[in-house]
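J.: Following the hints, complete the assembly by docking chains S, G and H onto the known chain C.
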Amino acid sequence: MQKIGVFVCWCGSNIAATVDVKAVAEALKSEAGVVFSTDYQYMCSENGQAMIRQAIREHGLTGIVVCSCSPRMHEATFRKTAVSAGLNPYMVEIANIREQCSWIHKDMAEGTEKAIVLARAAVAKLHKNAPLTAGTSPVTKRALVIGGGIAGIQTALDVADAGFEVDIVEKAPTIGGRMAQLDKTFPTLDCSACILTPKMVEAAQHEKINIISYAELDSLSGFVGNFTATIRKKARYIDEDKCTGCGVCTEKCPSRKGLDDFNMKLNKRGAVYIPFAQAIPNVAVIDPEQCLKLRTGKCGLCQKVCSAKAVNFEQKDELIERQYGAIVVATGFKPIDASAFNEYAYNDSPDVVTSLEFERIMNAAGPTKGQLVRPSDREHPHEIVFIQCVGSRCTEDAEKGKPYCSKICCMYTAKHAMLVREKYPDVNVHVFYIDARTPGKNFDEFYRRAVEQYGVDYIKGMVGKVSVEGKKLHVQGSDLLNGEQVHINADMVVLATAIEPDPTARALGTMLTASMDTNDFFTEAHPKLRPVESPTAGVFLSGVAQGPKDIPETVAQAGAAAAKVIGLLCKNELTCNACVAHANEAACNGCSQCERVCPYGAISYEEREIRSPEFRGVRRIAVVNEAVCQGCGACTVTCPSAAMDLKGFTNSQIMSEVDAICR
Amino acid sequence: MSMNREWTPNIVAFCCNWCSYAGADLAGSGRMNYPANVKIIRIPCSCRLNPMFILRAFQRGADGVILCGCHPGDCHYSTGNYYARRRMTVLFSLLDYMGIERGRTRVEWVSAAEGAKFAATMNDFVKTVTELGENKKLGDLRCKK
Amino acid sequence: MSLTNQVTAADILRISGVDASRCMQCGKCSGACPNYDEMDIPPHRFAIMVRQGRITELMESQAIYRCLSCFACSQRCPRNVEPAKLIEAVRLTVIRQKGQNHMKADSIPEKLDEKLPQQAIVSAMRKYSK
Amino acid sequence: MIVNRLQELLQDDENLQFVGWEKGETPFDRTPKTFTAETLGNLCYDSFCGSNLSKYLLSQKTDKKTVVLLKPCDSYSFNQLCTERRLNRDAYHVIGVGCKGKIDGEKIRKTGIKGILSVREEGETLKIETLYGTTEIPRKDVLLDKCLACKGKEHKCADEVLGESEDTCVGDKYETVAKLEAMTPDERFAFWREELSKCIRCNACRNACPACSCIKCVFDNPNSGVQNKAAADDFEENLFHIIRAYHVAGRCTDCGECSRVCPQGIPLHLLNRKIIRDVNEFYGDYQAGDAIGQRHPLTDFTFEDSEPNAERKGGGK
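If you're matching them up, the sequences are chains C, S, G and H in order.
Residue 105 in the numbering used here sits at position 105 of the first sequence; the count goes up by one each step and never skips.
In the numbering used here, each number is its position in the second sequence, counted from 1, plus 1000.
In the numbering used here, each number is its position in the third sequence, counted from 1, plus 2000.
In the numbering used here, each number is its position in the fourth sequence, counted from 1, plus 3000.
One chain only, chain C, in its complex shape:
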C-alpha cells in the first residue's frame, strides 16, 4: 500500500478563486492510501517545495499528488522536488486543476467537485505507479555520412571540425555528387567546380574524415549512439593506395564503348577511367562490364602501363564493419528519366536534352569542351527552347511524373538561358513556363535579369508537342497570355526534368527504419520544428534526400544536421526515456504484431526459456530496446494478451484513472 501525500495549490487566486482548495485537500484525506493532505498558496515556490520535501520525510510518503497547473508546466519541477527528498521522480502525479478546471469553470461548487475527481484519479493512478529508472546507453563517437555530394561533404566537414571522426560512404568512384556536374550556380553565376573542389580537397585532407568511395551500406543494426554498419566497398580493380591518378591507363585502354556517366552519357570513355579531373580520391576505376581483361581474359594493357603497379584484376568486394553513434542520410537526387516524355521527342532526337545534359554541354570540361553545339551534328544552334516542369507538378494518378514542384528548375533554367544569351547573343532563347517560382534571396532579381537584360523570351504556357522536322525541331506550345498557339522551329530543346530521390534511397530507408514519404523522400521528425532529424533517433537528414532544395539550402541543412550530430556525439551516454514499453514474457505470444506498428523498430524477438503456469519451454518473446523506444504505446494496444505494457502509462494505471473518474 502506498503512502500518498496530496498537495493542493492555490496558484494565488488562479485556482483558489473557483476551486475551494481547502475542501479539496479535506476530501482527499479520506481516499485510501492518502496519509497527508494540505494546501498552499504557491506549491511551486521554494516554500511550497520545502513543504513537500518535509512531508515526504515526516510521513514517509511513497508518492505525491500535486493538484496544480498543467503537468506540462511544473511536472519536471515537482519531480525534482521529490528526488531531492529521496523519492523516485516517477512517484509524482499531477492533477491539472488550473488549465483543465479552475480556468474554465465559473461555478465554485462545480469547480471544486471536478477538482476532487481529478485529484482522486491522480491518487488512483499513483497507487499503481512503480519507481522507474531511465536507462543509459553509451555513445560511439563517430558519425557515418551516406552520400558524398555537397550535402554529405558539408555535414562531414562540420562534424569533423568539432573533433569527431566521420566516415563518408559514396557509391560513385568519387565524391562530389551532382554539384560536381554543374557548370555555373545561380544566382551568382560562380563556377560550381571552383567552389566545390576546395571543399572536396578539404574533406580528403581532414584528419578526422575517412572517405570510403565506390561503396554502399550493406546492412545496419543497433540504435542511436550504437549503430553497427557493414559497408560494402566494391571492387574497383585498382589499388587505391598505389594509384597516383596519373591517367596513363585511361589513355591506353583500348575499350572505348563505355558511356561517360559523369557527362550524362553524352560521350564514350575507356573501361578504366577517372570520372573527372578533380575526382577524389583521384584514383582510376575499372568498369567490369567493359573491361576486355575481366570479360575475356585478354588484354591487361593497363596493368602493363601502370608504373605504380596499382592494377589488380583479382580484387574482390570488401566488407567493412564499423561502429557509429549517428548516421546522416545525404543520398541526394537524380533527374527523372526523360524518355517517358516522348511528346518532347526526347527519344527521337539527340538535340532534345535534359538540363543536366545541357549543363555538361555548357561546361568547359564537358564533352564539347564548353562549345554550345547540337549533339546531332555539332553545329551551332540559333534557336533554343527550354521547357520547364517536365515531370513536375503532375497528379499522383497521371501516368508519369511527380506530384511535387522540383523547386530548382525555374532558377537553373533562367541561369541556362542567361548563360546562352551572354556567350552567344545570336541565339534566340525561349522559355516555356507554367509559373516562374523564384522565392529566395536575389532569385527574382536574377530571373528578371534574364528577361530584362538578356532578352530571354519567357512564354507562359506549356509545350504540347515537339516533332522532328528535318534538322529542325518543331515546337508547338501555348502562349496563354496572348491566347494563342505558338510554333517555333528550334535547333535544340532543353527539358527541365523533375528531380527524384536517388534510387538507392528506398532500400536505405528500410535498412535504417527511417520513414519515407510516397515519393521516397525521407520524412523529417517534425516538418517545422525538427526538419533535419528523421523520426528514427540517431538518423539525420541532409540535402535533397529530404526534399527538393538548392545548393545554399542544402549547405544550410547540412550544417544544421551536423550541429545535431555534434550535439549527440559530444554526450558520453544517452539518458533513455523511462516511460518505455515492456513485454511480460509470461503472457507474450511472440506473434510479431507489436513489431509491425512500432515506428522506431524498437521491438525485436528472442527465443527465451519460459517457466510459467501456462507454458514451460523455449518461446519467442518480444524484447523492447529501451534506448530506442519513445513510449508511444502503439504496441500495447496491438497486443491481444496485454503482455506489452507501457511504463508510466500502464493498462492498470489508466484503468484506475477511468474507474476513479467514473466512480
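Do not take every clue at face value.
[What the hints assert, rightly or not] The calculated lysine-lysine pairs, modelled on DSBU-like cross-linking and capped at a C-alpha distance of 30 angstroms, are:
1) C/Lys171 to C/Lys309
2) G/Lys2085 to C/Lys460
3) G/Lys2111 to C/Lys465
4) S/Lys1137 to H/Lys3179
5) C/Lys407 to C/Lys441
For the record, the hints were derived by calculation from the structure and aren't laboratory data.
T.: Showing chains S, G and H alone in chain C's frame:
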C-alpha cells in the same frame, strides 16, 4: 452535491500528451468555457488508447468517451494517430452495431494551437451526449439479464 | 433553339468524371491541340470555365463541334484533367437538350476532305449523332 | 485413401505423428487427435469432421515432424497462426483434404429424427439408421452454418491435396450482418442482449477459436487491469464478447468455430463478420490467413483512411 442539479453526462476525454492535452491547456489559458463534466485523462499518444479503456469507462458509468489526438500527419511519434484512427473506426462501428449510439463515441484531432477547437468540441460533444441521455446500455450489455 | 435548362459544373463533373479544379492552367493541352486555330475556346479554357460554372458559354461555343476528339490534350495533361472528356460532356448536354443531331450521317460525305484524319470521321459519327 | 497415403509417409519416416480426427461417442462426434504409427488406424475423415485442427496443433507441439489434415477453411487459420509465429510452417507436412461441406449433428437432431444409431452418406443423401428404422435426408439441408459461408474450395496451404472439394457457399454471407445494420440502435441492442444473455461463460468460444489463442488471456492477466476477480469485477462478464471480437479483429479468418461450439447457440460469428465487413469496406478486401506473412489492416494504415466519426447507419454503409 449533485443531487439538486439536473442530470449531466459524465464524459471521459483521452488526450494525447503532445497536441490535444496542450490544446486543452490552451483552452484553459484562454479561459474558454466547457462543461465541468468533461474529465481529461492524459495518454502519451492517441495510439495508446486501448479499446478496453473506453469499454471500461462506459461500463463504469461514463455517458460519452472522446479521444483527442494530433492531426493526421502531425503525430509526435509520426504514425500513432493513423493506427488510432483505424482502431477507433472499427471499434465505434462495432459498438454502433451492438446498439450503442454512435454519438457517445468520438475522435477529434486537436492540435496544441487549437484551444478554441478543444473547447468547442467539448461543448458540442457534451450537448450531443446530453441529448442521448444516460448511458444504460453498456453497463447492462451483460451475459445475464 | 435556346438552351433552357441550367447545366451546372456539377453536371459536367458527373457526366465527364473529370474534376476540372485539378487543372493548374499550364496550357499543355492547348499547346498540343492540332486544331487550335479553329477552337474558339481552347481546351485549357474549358477546364477553367467549367470550374467557374460558365457552362452556358461553353454550350454555345463552336469548339464543342470542332474538337477532333484526338485526345492529344487528355493524353498530355500532367494532372489527368482530360479536357477532351470535358468537351465531350458539354457537347452531350447540348445534344440532350436540343433533342436533335448537329450533324446527320448523310451530310458527312460532302464535308469529307482527304486531309481529315480517319479518327475524326469516326469520332464525328459518334459525337454528332445520337 | 487418406490412411493409405499416411502409411506411405510412415515408410519414409517412422517417427511421424499425425493430427486428424477420431470417432467420438455419438454418431456425430469427431474429436481432434494426435496419432502415431500404432494408432493411425483410428484416424477418421468424413463429413462430420467439422472442427478446425489448426488451433489443436498449438497444444500438440513436439520435435517430431507432424502431418496435419486441413480442410480448405482450416488452411486459413493454419496460415494465420504461421503468420503470428505460433506455428512453424516447416514443422508440418500439410495434407489438404477434400471437403464438400460438413454435417451439423444438431441440425439432424432438429429435424426431429430420434434414436439415431448411425449415419451413412450416399452421394447427396444421408441414410440415417435409427431405432425405428432408416430415414433419409438431403445432405445440403444439414450442413454446418459455417459451410454455408464457405470461403471456397482452394487450400491456401498444402503440401499435397487428397480428394475433391466443393464451394458450398449459399447466398450472401453478410446477409444477417446487413439485416442487423438496418435495424434501429434499440433493436440491435435488444438483439444482442437477448443473445449474449444466454452466455454461460463456458469459454468454449475462446477455447475453439484459432485466433483467440493467447498463451495467457488478457482476462487472466493481472497486469491488464481487467482481470476477472469474481464478483468484485463484472467488467469481464459484461464486455467479454466485445473485447474478444476486437482482439481477433484482422486476425479472424471467419472459420465459424466460435458459433459452432457455443452450447447456447449464440451467433458469435456475427460480431467477427461485422468487423470483417467493415475492414473490407474501409481498407480494401482482406482475408486473414490468405497467405503466410500478411500484415493485417489494423496494424497498417494509409494517410487517406476514413475518419471514425463518419455517420454510418448501423455501422454499415
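J.: None of the hints should be skipped; say for each whether it holds.
T.: Verification of the hints:
1. Only pairs whose Cα atoms come within 30 angstroms are accepted, and C/Lys171 paired with C/Lys309 is accepted, the gap being roughly 25 angstroms.
2. Between G/Lys2085 and C/Lys460, the direct Cα distance comes to roughly 24 angstroms. Compliance with the 30 angstroms bound is thereby established for this hinted pair.
3. At roughly 28 angstroms between alpha-carbon atoms, G/Lys2111 and C/Lys465 fall within 30 angstroms of each other, so this suggested pair holds.
4. For a cut-off of 30 angstroms, the pair hint linking S/Lys1137 to H/Lys3179 stands: about 21 angstroms separates their Cα positions.
5. A hinted pair counts as satisfied when its Cα atoms are at most 30 angstroms apart, and C/Lys407 with C/Lys441 qualifies at roughly 14 angstroms.
Of the hints listed earlier, there is not a single one the structure fails to meet.
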